[in-house]
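*Asks:* Letter by letter, the chains look like this.
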Amino acid sequence: MRRVAVVGVGHSKFGRRDDVNLGELAFESIKPALEDAGLAPEDIPFLVVGNGGFCEETLPAVAIADYAELYNAELLRVEAACATSSAALSMAYNAVASGKVDVAMAVGCEKMTELDTPYIVELIGRAGFFFWEFQHFGLTFPGYYALHATAYLNQYGASEEHLAMVAVKNHKYAATNPYAQFRQEITVEQVLKSPYIAWPLKLFDCCPITDGSATVILAAEEKAKKLTDTPVWIEAIEGCGGSANLSKRESFVGLKAAQVAAEKAFKKAKITPDKIDVANVHDCFTIAELMAMEDIGFCGRGEAYKLVEEGQTYIGGKIPINVDGGLKAKGHPIGATGTSMIYSLTKQLRGEYIKSNQAPIKHGYALAHNVGGTGHYAYITILSRK
Amino acid sequence: MSKKEEKPFIASRPLTLIYKLPISKTLPFWEGLKQGKFLTTKCKNCGRMTFPPQADCPSCYSSEVEWVELSKEAELLTATAVMVKPSSFAQEETYIVAVAKLKEGLKAVGWLKGVKPDPAELKEKIKPGMKLKVETAISKEGNPYYVFVPA
Ligand SMILES: [Zn+2]
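If you read the protein sequences in the order shown, they are chains U and B.
Just so we're aligned: 141 in the working numbering is position 141 of the first sequence, and the numbers increase by one with no gaps anywhere.
Just so we're aligned: 68 in the working numbering is position 68 of the second sequence, and the numbers increase by one with no gaps anywhere.
Chain U with its partners taken away, still in its complex shape (with noise of 0.2 angstroms):
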């Protein structure tokens, strides 16, 4: 296998984007892409689109292709619910690192808005084991994650105040990400009085409902050279599945199948959790940022609350998380957000990200934790600027 490095990026707005359609949206982060990495459309022999499949298009990887006119390249889609792009992603480093291709694109491009807010709780609640879970018992997607955080806060002793900490950590840096849906502080107060969507899980706890989305052009070693002075290598992009039912989980204080893509992507990147300079963790729900820090070892189990009491995933912290606003305040368009970490990764290794919201780069890797579902996917990206 070759190595593989990310050569160009780019991110559309995020937020309520009733103004374009899924290839206008797409195309927003594609140009840019390719400025970036120095491309033409033409120079793209790969193509993988990642869609959750939420608007009018049945083939939204050919409507995307089309609008951008990426015709000479192969292309396909692919689906891994909200790790979706992550997958995309892996899909394209394949390609590249099997020596099929020299440059692969992937992106990642979500239109969530065209349907009202309840189809889309109705569609994305299906998104479980849909006969076992929604049909009889109607389970949501804060439903879901509700389950593990009760297990949580039961079995460690966290308390509501805590979930209510990462959220005001992830909209502070939000608040000066141009890109972010949600451009405003807010306070644990302001948290704990929102109302109750899935107890214990309240408004603020929970990622809004967004458009958008991000691109991210791969290249071979010798290529991305030749493209780039500052390649971002991937070192590993590791995935694993977990089961459908929660009723065949083993425990609801964790995710196991981000445990286990972590493991396996530390292995193969040759690094402990501790070298890791910046993480984007999969926070769709304020429980998720917590139960993702465990899983993938920034600390013990039941430590995680009281790392983020301590302000240690801030900036200057022990290790900053989702310090470009997380899904929670940046937004959640499903299946942009794996290509949208990589982004925010990618411009933090450059050294080139937000002044306000670059964290200090020690030992050059950073990490993405990109979970589909309820830990139904889960994929973890190890990045590096050596």
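Simulated from the structure, these hints should not be mistaken for lab results.
Check before you lean on any hint, since a few could be wrong.
Said to hold, decoys possible - Below, in silico cross-link-like pairs of lysine to aspartate or glutamate (EDC-like), each with a Cα-Cα straight-line distance of 20 angstroms or less:
| no. | chain 1 | residue 1 | chain 2 | residue 2 |
| --- | --- | --- | --- | --- |
| 1 | U | Lys256 | U | Glu238 |
| 2 | B | Lys125 | U | Glu160 |
| 3 | B | Lys140 | U | Glu122 |
| 4 | B | Lys7 | U | Asp116 |
| 5 | B | Lys20 | U | Glu122 |
| 6 | B | Lys127 | U | Glu160 |
| 7 | B | Lys123 | U | Glu189 |
| 8 | U | Lys193 | B | Glu121 |
| 9 | B | Lys7 | U | Glu114 |
| 10 | B | Lys127 | U | Glu250 |
| 11 | B | Lys7 | U | Glu56 |
| 12 | U | Lys248 | B | Asp56 |
| 13 | U | Lys248 | B | Glu73 |
| 14 | B | Lys7 | U | Glu24 |
| 15 | B | Lys7 | U | Glu28 |
| 16 | U | Lys248 | B | Glu75 |
| 17 | B | Lys107 | U | Glu250 |
| 18 | B | Lys101 | U | Glu250 |
| 19 | U | Lys13 | B | Glu6 |
| 20 | U | Lys193 | B | Asp118 |
| 21 | B | Lys127 | U | Glu161 |
| 22 | B | Lys42 | B | Asp56 |
| 23 | B | Lys7 | U | Asp18 |
| 24 | B | Lys131 | B | Glu75 |
| 25 | U | Lys248 | B | Glu104 |
| 26 | B | Lys103 | U | Glu250 |
| 27 | B | Lys123 | U | Glu161 |
| 28 | B | Lys103 | B | Glu66 |
| 29 | U | Lys13 | B | Glu5 |
| 30 | B | Lys123 | U | Glu160 |
| 31 | B | Lys7 | U | Asp19 |
| 32 | U | Lys355 | U | Asp277 |
Stated by the list, open to error - Residues from chain B shown here face chain U by an in silico Cβ test under 10 angstroms; the list is partial:
| no. | residue |
| --- | --- |
| 33 | Thr78 |
| 34 | Ala81 |
| 35 | Val82 |
| 36 | Met83 |
| 37 | Val84 |
| 38 | Phe89 |
| 39 | Thr94 |
| 40 | Ile96 |
By construction, the Cβ of each residue, glycine as well, lies at the ideal position given by its N, Cα and C atoms.
Got chain U; can you put chain B with the ligand on it based on the hints?
*Replies:* Using the frame of chain U, we list chain B with the ligand on its own:
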């Protein structure tokens, strides 16, 4: 988070989808519920029990499974109350969804009735280890299902 004005749009052609969910291979489960029985599958080859029931053993891949009756005794593992509901559950009152461990060691997801889905009451009552029993029921739509209730 003020609601901004909507941008210009054209409404798509409407589409109502109703999928026909096959239950031939798990029919004894649904028939059992109608008679107040809580059944699942057990592999005749390796003895593996599964919940939900499935016609093919996921351990040894044998398709020789038998139907066995479960005790209906369970213990709470975790729960949530769904306040913001999906469109197809819009007519329901706030409901509690629980994950419970059955006496036989299997786990199951289902509604928990008999506890008020009020945050204060939930905080006090929803504790792991709470004793539950399984009851069978018929939905408004006429489909058999099961619920947990405090024992
Ligand atoms: Zn068997």
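*Asks:* Does U/Glu250 lie within 20 angstroms of B/Lys103 when you go C-alpha to C-alpha?
*Replies:* Distance ~16 angstroms between B/Lys103 and U/Glu250 Cα, so the pair holds.
*Asks:* Is it true that the CA of U/Lys13 sits at most 20 angstroms from the CA of B/Glu6?
*Replies:* holds (17 angstroms)
*Asks:* For a C-alpha distance cap of 20 angstroms, please report whether B/Lys127 and U/Glu161 respect it.
*Replies:* It holds: about 19 angstroms lies between the C-alpha atoms, which stays within 20 angstroms.
*Asks:* Run the distance test for B/Lys42 versus B/Asp56: straight-line Cα separation, threshold 20 angstroms.
*Replies:* The hint holds at about 10 angstroms.
*Asks:* U/Lys248 and B/Glu104 were given as a pair; does the straight-line alpha-carbon distance stay at or below 20 angstroms?
*Replies:* holds (14 angstroms)
*Asks:* Given the hinted pair B/Lys20 and U/Glu122, is their alpha-carbon gap at most 20 angstroms?
*Replies:* holds (18 angstroms)
*Asks:* Straight-line Cα separation of B/Lys123 and U/Glu160 no greater than 20 angstroms?
*Replies:* holds (11 angstroms)
*Asks:* Taken at face value, is the distance from the CA of B/Glu5 to the CA of U/Lys13 at most 20 angstroms?
*Replies:* holds (18 angstroms)
*Asks:* Need the status of pair B/Lys7, U/Glu114: alpha-carbon distance at most 20 angstroms?
*Replies:* OK: B/Lys7 and U/Glu114 at ~11 angstroms, within 20 angstroms.
*Asks:* What's the verdict on B/Lys7 and U/Asp19, does the C-alpha distance respect the 20 angstroms limit or exceed it?
*Replies:* With Cα atoms ~6 angstroms apart, B/Lys7 and U/Asp19 stay inside 20 angstroms; holds.
*Asks:* Compare the distance between the alpha carbons of B/Lys7 and U/Asp116 with 20 angstroms, and conclude whether the hinted pair is satisfied.
*Replies:* holds (14 angstroms)
*Asks:* Holds or violated: is there a CB of chain U closer than 10 angstroms to the CB of B/Met83?
*Replies:* holds (5 angstroms)
This entry satisfies every hint, going by the numbered hints stated previously.
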